[in-house]
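Read top to bottom, the protein sequences are chains D and S.
Just so we're on the same page, my numbering is the position in the first sequence counted from 1, plus 459.
Just so we're on the same page, my numbering is the position in the second sequence counted from 1, plus 7.
Be aware that a few hints might be false.
To be verified - Listed next, the in silico DSS-like pairs over lysine-lysine satisfying Cα-Cα at most 25 Å (straight line):
| # | chain 1 | residue 1 | chain 2 | residue 2 |
| --- | --- | --- | --- | --- |
| 1 | S | K110 | D | K821 |
| 2 | D | K628 | S | K185 |
| 3 | S | K38 | D | K745 |
| 4 | D | K839 | D | K643 |
| 5 | S | K111 | D | K677 |
| 6 | D | K650 | D | K684 |
| 7 | S | K24 | D | K684 |
| 8 | D | K843 | D | K821 |
Unchecked claim - Computed list of chain D residues with no C-beta within reach of chain S, every gap over 12 Å:
| # | residue |
| --- | --- |
| 9 | S646 |
| 10 | T761 |
| 11 | L793 |
No lab work stands behind these hints: they were computed from the structure.
Where is the CB? At the ideal position from N, CA and C, for every residue including glycine.
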Amino acid sequence: MKPYRDLLFILILAIASLIWSLMIPDLNIYPLNLPPLALFVLFLPGYALLAALKPPIYRNNLCIRAVYSVNLSILITILLIILSIPLNSNDIPLRILLFSVTIIFTPIAFIRRNLVETETEPSTTPVKESDIVTFPESMEGIVIRVENVGMEFNLSQEKVDNIKEYFIKLVKGELLYQEFWALKNVSFQVKKGEKLGIIGLNGAGKSTLLKLISGVMKPTEGKIKVNGGVVPLLELGGGFDSNYTGRENIFLRGALLGYSKSFMERKFDEIVEFAELEEFIDVPLKNYSSGMISRLGFSLSTMVLPEILILDEVFSTGDIKFQKKSEERMNSLLSKDTTVLLVSHSMAQVKKLCTHAIWLDKGRMVMEGPVDEVIAEYEKSIRK
Amino acid sequence: MVVEGIKVHRFIANFLKYRYLLIELVKKNIKIKYRRSVLGIFWSLMEPLLFMIVLTIIFSTLFKSDIANYPIYLLTGRLAFTFFSDGSSQSMDSILINRGTIKKLYVPKYIFTLSVVLSSLVTYLLSLIVLFAVMIATQTPFTTFMFLAVVPTILLLIFTIGVGLILATYTVFFRDIKHLYGVFLTLLLYASAIFFPADIIPAKFQILLQINPLFVYIEMLRDAFLYATWFDPIQLIYGTIVAIVSLIIGIIVLYKNQDRFILYI
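All chains, please: the whole structure from these sequences, using the hints.
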């Protein structure tokens, strides 16, 4: 079995170096004793270290790892000679250090090897520019299930955020909290590929609901189950670091979304090209115009076709040319199997993009159903 | 109340998913810190060196201190203390500074704190170069006991992460902890015997020094670099226990409170 080969190898080496150190205890002619000693004593931790730190390169190649470990031990030996640290086989702290390195890194190497093999890449479905918007006829599984969700906020009269005020209010007895349910008893299900619009007046709890689904907040009561990666498209351009260049911000945002470095490297050119920022990519973001920042934000947020897309008010960015491009991309995002949650005050937009809708009012769900019916009822209630 | 699909409960899988974020954040912290300065990263080398020169002059001429090899004595203490104080006080802001991100995306909160502590570890490791340079200059012998410095460094790292998590959590709720902590750090500086010998502290207060984990780690570092001896077993055991306990408390405090962060930031 492959995973045990490493262990066996290290075990044999450990026994060999143990026997060696017992057999020749008095080889202390410095620095003549260094090379053989270093080869034996340093090889082991070097091997473990390399196995632990560089799994992609050395993963399945015992030979390469062994060669590199020899090189490493030679390097360390040279370093020891330069620093004129006497190394002898009876040096206990050194022994302990080297053996502890071996002991610590061997399990790490194992864990990493097994994990690297099972690690999965994020879905890399490319976003196609020219896709016809089609809604899937057959609904498959349910991707979002919201059951009896309630979200309670403590609205204090003023925001107490320091100890001094906390104690003053505590002594005065002013530390009263007003209970406020932003959401109460909300339940619904979203099937794969469904486009759900969330409508309601300001303060109805629409954004809170989106935050709960994207995992930013946790509900006070009830359950939320989400199957699939959620990509929130809340605000463009927010969350960038202005001291950082465009290039650095792309990698940072990718990391925040949980993508790996290799994945971002593959996507990098595409992102830059779409945002039309080739010339400015190594300029700090503070020198960007706001249009450039939102172009970068849009390009980044839509680089992967997500399983679940969350839109808080649909946006349009940039000049006319870019608007057209971004609209095309939005359409391709909204097609296919992507599940979409959209919050908007524009009924026309909801009608255009969504198949279903829910209507929230003061944290409670008023109605749920096909988009036309819900909007008709909603508009009727507003006119009253 | 677990949002599945984000694997909140699967700690390790989550950590592996965001480990690249951790590396990126550490890089960012270090890059931003030195981007605008002419000397760049060399500041982290210059600063302890200048500090050492000034204090060595003061203490060897004015106070006539009788510490053997004072520069090394001072530097080991100073490096460890800077690591702790930088790491923990930057941790306090780590959640608040990233509020923009936390409000919009799901990211494990501890990543931000961890990244700050790890960047001060990088600075600490860099400034070890200064220590080696001064060791060569003062002809302090290099011994293999030096390698044992790994032990107090790891303990100090664990301890700082634990304290950092606790501070990061409570700073979200009480912003003025920051000012109190500044005062506390000054106190701690004196209670860690960094630039004076430990025995000038009266016997009555010696206990304060002995229970101060920072002093314990600094002494262990001195054992490795300066005295070339084994660690005091009591210090080793005490230091390990304090580090692990503080990490456990830190994790518990963070996990109990992190869901409420969003309401306060």
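Against the structure, the hints:
no. : hint            : in the structure
1   : S:K110 x D:K821 : holds, 22 Å
2   : D:K628 x S:K185 : holds, 20 Å
3   : S:K38 x D:K745  : holds, 16 Å
4   : D:K839 x D:K643 : holds, 24 Å
5   : S:K111 x D:K677 : holds, 13 Å
6   : D:K650 x D:K684 : holds, 12 Å
7   : S:K24 x D:K684  : holds, 20 Å
8   : D:K843 x D:K821 : holds, 17 Å
9   : S646            : holds, 15 Å
10  : T761            : holds, 15 Å
11  : L793            : holds, 21 Å
Taken one by one, the earlier hints all hold for this structure without exception.
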